[in-house]
Amino acid sequence: MAVVAGRAGDILVVDVAPRRRRVPWPLVLPAIPVAIAVVAALLAPWIAPYSPTSGNLAARLRPPAWADGAVPGRLLGTDLLGRDLLSRLVWGARISLLIALSATLIGAAVGSLIGLVTGYYRGRVDRVLTKLIDIQLAFPFVLLAIAVIAVAGPSIPVLVVVLAIGAWVGHARIVRGLVLSLRERDYVQAAHALGAATPRILFRHLLPEILSLIIVLATFDVGRIIILESTLSFLGLGVQPPTPSWGSDLRDASTYVRQAWWTATFPGLAIMIVVLGLNLVGDALRDALDPRTVKPRGRT
Amino acid sequence: MMTSIRWVVCLVLVAALALTAPPAGAQRGAQITISQPADATTMDPARSTQVLTVNYFVNLYDTLTRWDTALKLQPGLATAWKSVNDTTWDVTLRSGVKFHDGSPLTAEDVKAVYERARTPGKSVVAAGFATIEAIEVTGPTTLRIVTKKPDPLMPVRMAQMGGYIYPARFANDEGAKELARKPIGTGAYKFVSWTKDDQLVMDANRDWWGWSGKAPAVERIVWKPIPDDFARLSALQRSEVDIITNVPPDQMKIVRTLTVPATRTVTFWINTTQPPTSDKRVRQAMHYAMDVQSIVKNLYAGQGKPFSGGLADTDFGYNRELKPYTYDPERARKLLADAGHAGGIDVTLYAGSGTMVNDKQLLETIADTWSQVGIRARIEMMEMAARQKMNNERTLPPNGVMLINPQSTLLDADGSLWRLFHPSGFGGKYWSGNQPGQRFHDVMEQARYTLDEKKRKELYTEATRIIHEEKPWLELFQEVVIYGVSKRVSFKPRADYRLIGSEMTVAK
Amino acid sequence: MLQYTLRKLLHTGLVALGVVTLVFIALRASGDPAATMLPGDASVEELTALRRELGLDRPLHIQYARFLAGAVTGDFGTSFRHQQPALPLVLERLPATLELAFAALALAVAAALPLGIVAALRRGRLADVLAMGFAVVGQATPYFWMGIMLILVVSVELGWLPTSGRGGWEHIVLPAITLGTHFAASLARLTRTSMLEVLGQNYVTTARAKGLAERRVILVHALKNAAVPVVTLIGLQFGTLLGGAVVTETIFAWPGVGRLAVQSIFVRDYPVVQAGVLVLALTFVAINLFVDLLYGYLDPRIRTEVA
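Protein chains in written order, with the numbering used here: chain A, 1 to 300; chain B, 1 to 508; chain C, 1 to 307.
The shape of chain A in the complex, shown without the other chains (with noise of 0.2 Å):
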């Protein structure tokens, strides 16, 4: 703790440390949607009342339980070729959040190794993989999305894979970054001095430091790659009939907005309180773990 005296009277107190609340409420209220979520996904096939790819074309375009016109049992309209919307949204959780963890978590995971082994060693490693991470952010990532997509063709796996290819590079530099700075600081020379072998420093030393920036990093990505999925599905690239997720929902609902808005509604939603509790979780996690954002307690 440091005390700064001004001027007489007006004392500002800096904190270091992060003040320890007893309910961490900014991170717990936005978790909630994104836990619920979750959950839906985990559970769809037992939850959703029914088959999100069989639909009745006689009842298509029928507006939610509380309005007329809608089919009983429907709690949320139905689609464009009668399917159940409620049941589409919670098989669609499951899908859409599977590719989105999926690619975070490779993204992340791939990112991150080589961030920080570049960080560390420098020399022509570091350079070649720079140029590399140079190379890519130049390239328009969606022309890279579609010319990888055209090639290997739109499967769940492939589109992963190519969202993947998207996050890794963030994860890198940053991560990079702060491995540069990390690597001059005093007990990271002190076991190198002492002959510690690199990968020991590297996981033992480095890696506790920042996993947390890793963690904040993934929770945007995760956000970030389910609007990158609903723009794929948009360019025709995204997840294949009939298979659900909120990108392409979404994107198949947009033209019936003036006629049938609870089929665009509902998926769009979805996608921005589940993104928009992700980033409020990690805004909390990263004000939470980082010691240099100032708190300021007040004036004594």
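Note that these hints are calculated values from the structure, not bench results. Incorrect hints may appear among the rest.
Cross-link-like lysine to aspartate or glutamate pairs, in silico, EDC-like; alpha carbons within 20 Å at most [as the list claims (entries may be wrong)]: (1) LYS149(B) with GLU136(B); (2) LYS323(B) with GLU462(B); (3) LYS389(B) with GLU53(C); (4) LYS177(B) with GLU92(C); (5) LYS8(C) with ASP292(C); (6) LYS122(B) with GLU178(B); (7) LYS148(B) with ASP86(B); (8) LYS253(B) with ASP252(A); (9) LYS122(B) with ASP57(C); (10) LYS196(B) with GLU92(C); (11) LYS182(B) with GLU92(C); (12) LYS72(B) with GLU503(B); (13) LYS389(B) with ASP57(C); (14) LYS122(B) with GLU53(C); (15) LYS389(B) with GLU157(C); (16) LYS177(B) with ASP75(C); (17) LYS149(B) with GLU445(B); (18) LYS148(B) with ASP452(B); (19) LYS122(B) with GLU45(C); (20) LYS148(B) with GLU53(C); (21) LYS131(A) with ASP292(C); (22) LYS177(B) with GLU53(C); (23) LYS253(B) with GLU157(C); (24) LYS487(B) with GLU469(B).
Starting from the known structure of chain A, arrange chains B and C on it as the hints suggest.
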């Protein structure tokens, strides 16, 4: 130093000022704006067969013969054509016709254009001119066309896309590049300007031979492509454009529309070279297991005409006796069991994204109804280029079912059915060579060279019956073309998807 | 400074080469331009003839060599579809995309900086929550959704602005908002964070202690130092902006490079894709270079760092 905020404000103001361009030409009295989902790529008629590009050609250029709004063949740039013998046609051109740059139309121009059109590699429409052996110029406005074998469809071939006439000096590589940017034809409208993907402007050609003494009703056509369905519809609703194409059937209630059953059909290739689809009972079952009426009613707002026998009602050879299969899941199951597949079969449905409106949903619906009789279909939506590749390289896997949306180029069974089922086309590869298939080939090949119309009709009747019975491909319905039209414009919608400015009128 | 710049330029050249090669390989690994240009029933002879005409029958390394040789002189070949030289086709569309990007950035900066600053100053209070609320919602909305909503509400229902196309200032507003929202959201949050960081630093308290007016302290000192991460963000996010531009250009029928590039990929128009990707990549690198130089100007410490 100025603070960042003030910098920002300045930037924004400068940007706003810089971006204020003068509005694009005030709306003239008789001007219409047409919006399609994409812009034309080139103005060279030999280099595109896309409907939306051809819409530009049909206004800028003329063909030797043309189809009127009732789809009857009429004189175009040619006033007379006569079959001198089985393989020779004498054509007389209209006199006094001038290109937009003032130069006169001569038989040399027609010869140059056709020679280029029938050279594979130089043009993409060569297939339509493949029957031509030689072209001779016999006078300033007369020419003689010699065909390899008797070709009853020669007059019709003169009307097809790819037959648009431009000056001979553009019929080479360098000239074509210039033509692609600045088209010069004989058509009712003259090219004015083109900002790609933004707008193309054409003005009425007062010297056009086809006005028949009347003043042009539409003085200027502006083409503004808008890719997104919703944005295009919204533009029509706000009267920013007058005509839009590709209106999703569900959205028809929102705007004023004009419709007409068209020359396109909704059909799927089936690779029948291996079991189970090599058995015609399985293919028939696939038809009985589809509720086409429901699909048309629900996915296409009733805009579609179920059919059977391979032809749209716009084509010569159409057999109105053939009734489309009904929706009969019981019968489908029975047929499958008879064929030894009581346990069901597995197929894959393919389509290129964007083939037609609601294509994805069409496949999903078919797969859904099929699953109820035991036909398990996996869906694969492909990117258009990948699907084209599969199409052209004939690599559709066995038991694959691929959506095609064929157009009839000649309004004749030859230009649709035979073109597709020809041995060098797909049918030859995908339709296992059993007896009925062979008979079909023989009949169609004979019809191709039969000049007697009555005899041809008989042959086509037999051919369509074979298709109806064998179902070598999946037939659903004939498309209906839907145009969204603003209140001030009127025209008779054409079954061949052409938007012809000279046929339109504008309310003042 | 000069050495720094030269090094960066060399870096740029290598990156450009890498991008171009990657594109070259990726394109030829899939799809067939000849097949997309011919009608479905074209014969094998026609396909072969067209391929020969387009120069696609030569072995891959020869095609690559010819391509590189041409590229160095600015000749990217002739577009298969448009029958025009590829590079001019791309370049004539570039101004439209830059106009859109610039407008989006300007709007985003104009909206985000004040939001971020206010949020930092009124941290924890309603203004902060609202400002950050807007930001997070903005980041959570897919581009095309925002575009369609804007067209629906502002254009169709309210009738205030045209639905699409390029023209006067009224045509650029909706696309710019659609494209700029994600960036504005990120920028607002970043501004807030860096402002907060900076506000706690010693020199701010020193300035306060020196007795300078609060306002002057904030605006002059804090903002100037917060500019560095902000400039970085512009550099980093430009790539994402391009991705968003593709969608925005398609929805609003904006005649830009993004739309051309996507269309060309779908039909495998190699010359145009190659030219387009290179132009976009170089633009991106140029922006980054500019950002790095700006960095060097703003913070002298960075100039002497090994790149």
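*Which hint numbers does the structure go against, in order from smallest to largest?*
15, 20, 24
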